[in-house]
Amino acid sequence: MKIAEANENQVPLWRLGVWWFLGSEIVVFGGLLACYTLYRFHHPEWGMEAAHTLSWVGAINTVVLLTSSLTMILAHERVEQCDLSGAVKFLGITILLGLLFLSFKGYEYHHEISNGLLPSKSLFWSFYYLMTGLHGLHVVGGLIANGVVWQGLKKGKNPHRIESVGIYWHFVDVVWIYLFPLLYLASPGGAL
Amino acid sequence: MKRFIRTYLFSLDHKMIGKQYLITGLLMSLVGGYLAYVFRHQLAWPGSPVPGYGMVGPDQYNGFVTMHGTIMVFWVAMPILLSGFGNYLLPLMIGARDMAFPRLNMLSYWTFFLSTVVLITSFFVPGGPASGGWTSYPPLSDQPGFTGVFWGGHLWILAVALEFTSMLMGGINFLTTTLALRAKGMCLFRMPIFVWMENIASLLFMFSVGPLIAGAFMLLADRLVNTGFFMPSAGGDPLLFQHLFWFFGHPEVYVLLLPSLGILAEVFTVFSRKTLFGYRTIVYATLVAGVLSFVVWAHHQFISGMDPRLAAPFSVTTILISVPFAISLFSFIATLWGGSIEFTTAMLFAVGMLAEFMIGGVTGIFNGSAAADIYLHDTYFVVAHFHYTLFPVTFFGAFAGIYHWFPKMYGRFLNEKWGKVHFWVTALSFNVIFIPLFLLGLAGHQRRIFDPTVFDYLAKYQHLHVIATFAMITMLLGQIPFIANFIISIYKGRLADRNPWKGTTLEWVAPSPPGHGNFENDPVVHRGPYDYSLPGRDREWVSQTEE
Amino acid sequence: MLGWFPENISTYGHGIDHVIQVIYYIVGAWFLLVEGVLFYFLIRYRKKKGVPAVYEPGSTWKALLWVFIPAVLILGFDLGIDWAQAPVWDEIKLSLPLPEQVVRVTGRQFVWEFVQAGPDGKLDTADDIATVNQLTVPIHAKVQFELLAADVIHSLWIPNLRLKQDAVPGRTIKGWFEATKEGTYPIACAELCGSGHGVMKGELHVLNPVDYQRWLHETVH
Chain A
1 MKIAEANENQ VPLWRLGVWW FLGSEIVVFG GLLACYTLYR FHHPEWGMEA AHTLSWVGAI
61 NTVVLLTSSL TMILAHERVE QCDLSGAVKF LGITILLGLL FLSFKGYEYH HEISNGLLPS
121 KSLFWSFYYL MTGLHGLHVV GGLIANGVVW QGLKKGKNPH RIESVGIYWH FVDVVWIYLF
181 PLLYLASPGG AL
Chain B
193 MKRFIRTYLF SLDHKMIGKQ YLITGLLMSL VGGYLAYVFR HQLAWPGSPV PGYGMVGPDQ
253 YNGFVTMHGT IMVFWVAMPI LLSGFGNYLL PLMIGARDMA FPRLNMLSYW TFFLSTVVLI
313 TSFFVPGGPA SGGWTSYPPL SDQPGFTGVF WGGHLWILAV ALEFTSMLMG GINFLTTTLA
373 LRAKGMCLFR MPIFVWMENI ASLLFMFSVG PLIAGAFMLL ADRLVNTGFF MPSAGGDPLL
433 FQHLFWFFGH PEVYVLLLPS LGILAEVFTV FSRKTLFGYR TIVYATLVAG VLSFVVWAHH
493 QFISGMDPRL AAPFSVTTIL ISVPFAISLF SFIATLWGGS IEFTTAMLFA VGMLAEFMIG
553 GVTGIFNGSA AADIYLHDTY FVVAHFHYTL FPVTFFGAFA GIYHWFPKMY GRFLNEKWGK
613 VHFWVTALSF NVIFIPLFLL GLAGHQRRIF DPTVFDYLAK YQHLHVIATF AMITMLLGQI
673 PFIANFIISI YKGRLADRNP WKGTTLEWVA PSPPGHGNFE NDPVVHRGPY DYSLPGRDRE
733 WVSQTEE
Chain C
740 MLGWFPENIS TYGHGIDHVI QVIYYIVGAW FLLVEGVLFY FLIRYRKKKG VPAVYEPGST
800 WKALLWVFIP AVLILGFDLG IDWAQAPVWD EIKLSLPLPE QVVRVTGRQF VWEFVQAGPD
860 GKLDTADDIA TVNQLTVPIH AKVQFELLAA DVIHSLWIPN LRLKQDAVPG RTIKGWFEAT
920 KEGTYPIACA ELCGSGHGVM KGELHVLNPV DYQRWLHETV H
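Chains as they are written, first to last, in our numbering: chain A, 1 to 192; chain B, 193 to 739; chain C, 740 to 960.
No wet-lab data here; the hints were simulated from the structure.
Values in this document were obtained by computation on a predicted structure and should not be read as measured data.
Wrong hints could be hidden among the right ones.
Stated by the list, open to error - Simulated pairs of lysine-lysine, PhoX-like, Cα-Cα distance not exceeding 25 Å:
id, chain 1, residue 1, chain 2, residue 2
1, B, K211, B, K652
2, C, K940, B, K652
3, B, K609, C, K786
4, C, K881, C, K786
5, B, K694, C, K787
Stated by the list, open to error - Okay, the calculated bits of chain B under chain C, using three or more residues with CB under 8 Å as the criterion:
id, segment
6, 469-483
7, 501-511
8, 516-526
9, 584-592
Built from N, CA and C at the ideal position, the CB exists for glycine as well.
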């Protein structure tokens, strides 16, 4: 007997599960962003610290991540059109772009740490490392999930899972959209 | 052997996972109770060695008080009420064969188990367990130098984070299962109140815990990599953590309360043969209270150093939240009106919960009023107050649930005579423990001091500590009949059929105990959950499956 | 119930005691009423042979009035309590009368440090009086304190004054009190602050003006 089965044909279980999962994730990042924003109002001097971030790398990474969201949508579209090989291709590009994002992020960390900008240097850098680090872990998690689905797609198994990982990947992207201006672009001297 | 592991350890069956949570929670309550015994003995007879432990120093005292609170809230109340009963009953009550994600469910329990191991380990590392209070306020909890606890503090944060993760996985499962797997005809307003309560509790947990998880990351970073999120020397603010903690902490109280009220609703209706008074009113009132619970947190912080002008708005929201709860409690009392009340052990515990919880409720008015709180904050009055809320909710609620659903879980009854002994010893000793603590609080007794006789104005009330400690030991001894009853009844108890209490909800349609998949045939629901004593029927109860 | 309280020796303490007493009578009456109804129902409607239960789903407005009316009354009483306590809170925590004496209080693991203005009435001058765990103030004088914490959070707790205020590292929190009775009274810490939290103990000495001047003179010279 199949145990878990929607009795009435409503929203699929996994889709509900992913949305509830994202709901709980949003409040974690929301809490962190709220703390950062509150502190930021009290510390206008953080603008000077933010000037030391590599804004151009961050900008490139923003483009990389946005593009990966696009390829994720294309992969999803291919699955809908039953073009699994196309989906494998686009999901593969998404994974590569995710890896590219992590490489750039790693380069930034390397650059900052070798310039003495450690998490303990000031509260701004504490937030910078905590928020980008947590986000980075989510990218890693998303890449692992994408990899599993990619493996499945190649064998033609569980193509519907692309939607779950897709929703999650867009969420990771959206978090970055918040982090980038708050951490990199906040102008010197201004409140925000 | 393989079958044993599949059935009892890595089971995918929601009923076994529910029992795992329940048993783990009950075992952890013994740990929490033992800690309470040690520090209550120290309070009654400061400086004399505690039988079964030894001498208690101030560091051990702080560690034990911290761990007692942490364990009782996160490792007893939550696993028993939210996860234990929730897992066991929720699919049965909505007529589902299992949870929506059985694997996630198993993962949730084993994450919880891992968190338990981490927490217990922290007792045995050098420096002992965390000792910054269960609220873990920085800077005390932030720099190991302030308490001398290094590993214990790290492990505490890790254990709590794992426990939160486990409960979040459980919550995702509850919400998804309830939305998607209800039996045919089980519309939302035909669900038993317990199911509503579990879901609202899961929602509250899900949307309040996030900021505290962020806060825990920040605290851990402060401890490990020398950041200063909560250290003023680095520009951080210790009060931020208090806000994050209580933004979670107040909804958390309802995360514990609501499942227990759900149990109360089920037990009240069955044993008074009455339909629930104001079913929809209770649901709406609880939803309103749930929303309000997100805007009352600062009433825990009136004298914390936050802007004193904030006292007024938070006093008002605190007062508003008492209204929906008053409506719910009055509805439960009105349910008893005109009933045919049978005092089984389950009913005694449910009634006891309501009667005792009201003491916790009314004493909250003192604390919620900012001016009175100046005097009462951080005294034993607060200790007595929150034990009068959380103890009935956790233990009376859990015992009511266990005596009520034990026949479903094991196909046998618990012994009623010993159950009543258990109830009366627990209820009486509970009051004798905590009424003296109210009085100590009024006398100005501040919390968490390990030797009250240091202060002359407290030393003269030392006899109240002695009374409370004797009552506490009595209560612990009073649990022996329950433990024996529980173990013996699993094997030797009187056999129960599938509906021993003549209940109307779906769990009583399934066999006792239900097999994997719960029901022989998927139930179809035709009516609301509490059709007792319906006029024009021969039988005084009508199951939800009857037309 | 007020018999359990330590003697009040501050000008605003009566306000707090009064609020607690008002709440005590209001919630006490409600508590007895609700528990009374509960126990009446339990006894009156216990199971009896041949007496069936009634069917009352409480789904009509008429039936629900039985829970709504008491709930609205509770709201009214709650708002009344809130209204009664607000002026007391405002007087203690929001107002800051002109000081006749200033003292800086610092909580440190595990002592209370006091720095008191000397005869010139100003802090941070040469005649400041620094003491540990001993605070001496004149009777009937408005004493303003600046509360600080050197390491972790402490809470200045003087039960007889009905004074409690957390001391938070990184903040300077101002407050005041006026003692109305001579004598020596305990000072404690009400917020868990580490292993010595339970022995963080000081004394408040309230002196009459003559004794106070003598103490001041002896201490400064």
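Here is how each hint holds up against the structure:
no.: 1; hint: K211/B / K652/B; verdict: 47 Å, violated
no.: 2; hint: K940/C / K652/B; verdict: 17 Å, holds
no.: 3; hint: K609/B / K786/C; verdict: 18 Å, holds
no.: 4; hint: K881/C / K786/C; verdict: 65 Å, violated
no.: 5; hint: K694/B / K787/C; verdict: 17 Å, holds
no.: 6; hint: 469-483; verdict: holds (count 5)
no.: 7; hint: 501-511; verdict: holds (count 6)
no.: 8; hint: 516-526; verdict: holds (count 7)
no.: 9; hint: 584-592; verdict: violated (count 0)
Of the numbered hints given earlier, the model fails hints 1, 4, 9; all others are met.
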